[in-house]
Amino acid sequence: MQNYSSYGLDDVFMRTFMMPAVMPNAVNIPQMNVQDNISTISQNNNGYNMMNQNKFVNPTEGFLRGNMEAGTYLPYKNMTYLRPVINGEKQNALYKLQEIAFAAHDINLYLDTHPNDANAIRLYNEYNKQEKKLNDEYERKYGPIDLSDDEGLNVTPWAWIKEPWPWNE
Amino acid sequence: MWKYSKKLQYPINIKRKNLKMAKAVISQYGGAQSELSAALRYLNQRYTMPDAKGKALLNDIGTEELAHVEMICTMVYQMMKGATPDELKEAGLEGNYTEHGLALFPTDANGVPWTSTYFSTTGDPVADLEEDLAAEQKARAVYEHLIDLSDDPAITGPLLWLRQREVVHYNRFKELSDEYKAKYYK
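These protein sequence lines map, in sequence, to chains A and B. The first sequence: position 36 = 34 (our numbering), numbered continuously. Offset between the second sequence (1-based) and our numbering: plus 166.
Okay, chain A solo, but in the shape it has when bound (with noise of 0.2 Å):
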């Protein structure tokens, strides 16, 4: 296991503002004027999620935004989306894990209106299998998320108790 007290200086270096990650627009976008970051998923080459190149953004653009289709991203007013800022591996693993996590359930959305798309499914598998890594990756070095995984609950005394709970993170 990697020793990441050496990084332990999260806290201390903890921000309390966000950067801007995009510059304003013109006033008054309107809906699906925003050019869309195509899915760099394509790169892998499996072949299969070339064909959802035109449909959904990648993780990273994606969780961002807090919409992972292409072309439905609708900003308000002259204000995209602000970046938050990540301080330190652990505060980095986490977001990591929300960032695939929520592609993943975007895409569940997008399926439950669209179950015959075998492409989006297979995107949906592949994203939820990163997640599984991730989260796996998190609880053995920080702790558990999640009680019914075999990582990080093996110990005592009782680990899912330990702070930080969500809302003190």
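What the hints contain is simulated information worked out from the structure, not anything from laboratory work. Treat the hints loosely; a few may be bogus.
In silico DSS-like cross-links for lysine-lysine, where the CA-CA straight-line distance does not exceed 27 Å [stated by the list, open to error]: (1) A:K160 <-> B:K181; (2) B:K340 <-> A:K75; (3) B:K173 <-> A:K160; (4) A:K139 <-> B:K172; (5) B:K172 <-> A:K88; (6) B:K247 <-> A:K130; (7) A:K127 <-> B:K173; (8) B:K169 <-> A:K88; (9) B:K340 <-> A:K94; (10) A:K130 <-> B:K340; (11) A:K160 <-> A:K88; (12) B:K186 <-> A:K75; (13) B:K340 <-> A:K88; (14) A:K160 <-> B:K340; (15) A:K127 <-> B:K172; (16) B:K221 <-> A:K130; (17) B:K247 <-> A:K160; (18) A:K131 <-> B:K172; (19) A:K94 <-> B:K172; (20) B:K304 <-> A:K75; (21) A:K130 <-> B:K183; (22) B:K304 <-> A:K131; (23) B:K173 <-> B:K255; (24) B:K304 <-> A:K88; (25) A:K127 <-> B:K221; (26) A:K160 <-> B:K349; (27) B:K172 <-> A:K160; (28) A:K139 <-> B:K183; (29) B:K169 <-> A:K94; (30) B:K247 <-> A:K88; (31) B:K255 <-> B:K169; (32) B:K219 <-> A:K88.
Everything numeric in this text was worked out from a predicted model, so none of it was measured.
Dock chain B against the given chain A, drawing on the hints supplied.
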């Protein structure tokens, strides 16, 4: 059943006390267009959806709304953390402090407690979905008002993100609503 996951859906890190914004943002916990209203609206309506697709969508969006309730509560909690009675008085929160201290309680921005009359179920999927579409639009409008009021990027960021979720949910409900209308309103 539900499983709790010990993480937020999107990061919240508000380090600056902000009682004025806490008084406004609480609306998305216990106001008419709140995340709590949304969660209970969809989770109640899901039982009488006419097909598996509708049950799934109402279930899954209703579940996500519970995660949004947690995000909003976290924001209010962090904005109020460490506030003194004098500071609360100055922000017009003395009534809230009297009733609840610094604890969370679902009210709107004017302190009016949440009530189940903020949503309805009719058992008619087309009617229920029309309410859901309107609810997503009204929640989006409230988020925009909150973004207009916000003076801290650590608050604006999550509000923009939650606003975008209203847009996505609207699009999904619209797809289902159009399908049901074509199916049942021939």
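Hint check:
With a CA separation close to 21 Å, the supplied pair A:K160 and B:K181 stays within the 27 Å bound. Taking the CA atoms of B:K340 and A:K75, the gap is about 23 Å. The hint holds against a cut of 27 Å. Our distance criterion of 27 Å between C-alpha atoms is met by B:K173 and A:K160, whose separation comes to about 13 Å. A distance of roughly 15 Å separates the Cα atoms of A:K139 and B:K172; the hinted pair therefore holds under the 27 Å criterion.
A distance of roughly 14 Å separates the Cα atoms of B:K172 and A:K88; the hinted pair therefore holds under the 27 Å criterion. Taking the CA atoms of B:K247 and A:K130, the gap is near 33 Å; set against the 27 Å cutoff, the hint is violated. Straight-line distance between C-alpha atoms of A:K127 and B:K173 comes to about 18 Å, which keeps the hinted pair within the 27 Å bound. At roughly 23 Å between alpha-carbon atoms, B:K169 and A:K88 fall within 27 Å of each other, so this suggested pair holds.
Simply put, B:K340 and A:K94 have alpha-carbon atoms about 30 Å apart, too far for the 27 Å limit, and the pair is violated. Proposed proximity of A:K130 and B:K340 is contradicted: the alpha carbons are some 31 Å apart, above 27 Å. For a cut-off of 27 Å, the pair hint linking A:K160 to A:K88 stands: about 15 Å separates their Cα positions. For the given pair, B:K186 sits about 23 Å from A:K75 by alpha-carbon distance, which is consistent with the 27 Å threshold.
Pair hint B:K340 plus A:K88 does not hold up; C-alpha atoms about 39 Å apart against a cutoff of 27 Å. Straight-line distance between C-alpha atoms of A:K160 and B:K340 comes to about 42 Å, which puts the hinted pair past the 27 Å bound. For the hint pairing A:K127 with B:K172, the CA-to-CA distance comes to about 19 Å; that is within 27 Å, so the pair holds. With a CA separation close to 26 Å, the supplied pair B:K221 and A:K130 stays within the 27 Å bound.
Among the hinted pairs, B:K247 with A:K160 is consistent with the structure: their alpha-carbon atoms are about 20 Å apart, no more than 27 Å. At most 27 Å may separate the alpha-carbon atoms for a hinted pair to count; A:K131 and B:K172 meet this at roughly 16 Å. In summary, the hint linking A:K94 to B:K172 is supported, as the alpha carbons are separated by about 15 Å, within the 27 Å threshold. Taking the CA atoms of B:K304 and A:K75, the gap is near 17 Å; set against the 27 Å cutoff, the hint holds.
Among the hinted pairs, A:K130 with B:K183 is inconsistent with the structure: their alpha-carbon atoms are about 35 Å apart, more than 27 Å. In summary, the hint linking B:K304 to A:K131 is not supported, as the alpha carbons are separated by about 38 Å, beyond the 27 Å threshold. A threshold of 27 Å between alpha carbons decides the hint, and for B:K173 with B:K255 the separation of about 33 Å lies outside it, so the pair is violated. At roughly 37 Å between alpha-carbon atoms, B:K304 and A:K88 are farther apart than 27 Å, so this suggested pair is violated.
Restraint check: the Cα-Cα separation between A:K127 and B:K221 comes to about 25 Å, which is no more than 27 Å; the hinted pair holds. Only pairs whose Cα atoms come within 27 Å are accepted, and A:K160 paired with B:K349 is rejected, the gap being roughly 51 Å. The straight-line distance between the Cα atoms of B:K172 and A:K160 is roughly 11 Å, inside the 27 Å bound, and the hint therefore holds. Restraint check for A:K139 and B:K183: the C-alpha separation of about 31 Å exceeds 27 Å, so the hint is violated.
Distance hint between B:K169 and A:K94 is fulfilled; the C-alpha atoms sit about 21 Å from each other, no more than 27 Å. For the given pair, B:K247 sits about 23 Å from A:K88 by alpha-carbon distance, which is consistent with the 27 Å threshold. Distance check on the hinted pair: B:K255 and B:K169 sit about 39 Å apart at the alpha-carbon level, beyond 27 Å; violated. For the hint pairing B:K219 with A:K88, the CA-to-CA distance comes to about 38 Å; that exceeds 27 Å, so the pair is violated.
Figure legend: structure checked against the earlier numbered hints; hints not met, in rising order: 6, 9, 10, 13, 14, 21, 22, 23, 24, 26, 28, 31, 32.
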